[in-house]
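With the sequences and hints as input, model every part of the structure.
Here the sequence shown is numbered in the UniProt record's numbering, starting from 1 and rising by one per residue.
No lab work stands behind these hints: they were computed from the structure. Please note that the accuracy of each hint is not assured.
As the list claims (entries may be wrong) - Quick list of simulated restraints, FRET-style, between CB atoms:
no.	residue 1	residue 2	range
1	Ile50	Asn70	26 to 34 Å
2	Arg59	Thr24	15 to 23 Å
3	Gln61	Thr24	22 to 30 Å
4	Thr46	Ala79	47 to 55 Å
The C-beta atom is built at its ideal place from N, Cα and C for all residues, glycine as well.
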Amino acid sequence: ISAKYAKRFEAVFLCYHPKGPKMTVRTAAKYLRYNTEVRTRDELITKINIACEEIRQNRNQMKSTINSINSNLCQQRRASL
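Right, dumping it as C-alpha cells:
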C-alpha cells in the first residue's frame, strides 16, 4: 500500500473504525500532523471524508456482491435437491 493511501486509511481508522479510538476528524488531522501535500486543515479533512466515502461505497458494493453470490448458491442447492 502506498504511503498516500496508508495515511488515509489511518485517518479513517482513527475516526470511523469500530475498534479505533473514534477521534473527531479534526483531532485525527492534528494527530496525523496534517499531510505535506495539504496546505490547510480543511483540505485534509475533505480528503479524509472523501476517502471514508470511497471506503463506505466499496464496502456496500462488496456486501451486495456477497449477498448475490449467497443467493445464487442457495438457489443452486435448492435446484439440486
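Do the hints match the structure? See the list:
Separated by about 31 Å at the C-beta atoms, Ile50 and Asn70 satisfy the suggested range of 26 to 34 Å. For Arg59 and Thr24, the Cβ-Cβ distance of about 21 Å falls inside the hinted range of 15 to 23 Å, so the restraint holds. For Gln61 paired with Thr24, a C-beta distance near 27 Å keeps the hint of 22 to 30 Å intact. Remark: the range hint 47 to 55 Å for Thr46 to Ala79 is upheld by a beta-carbon distance near 50 Å.
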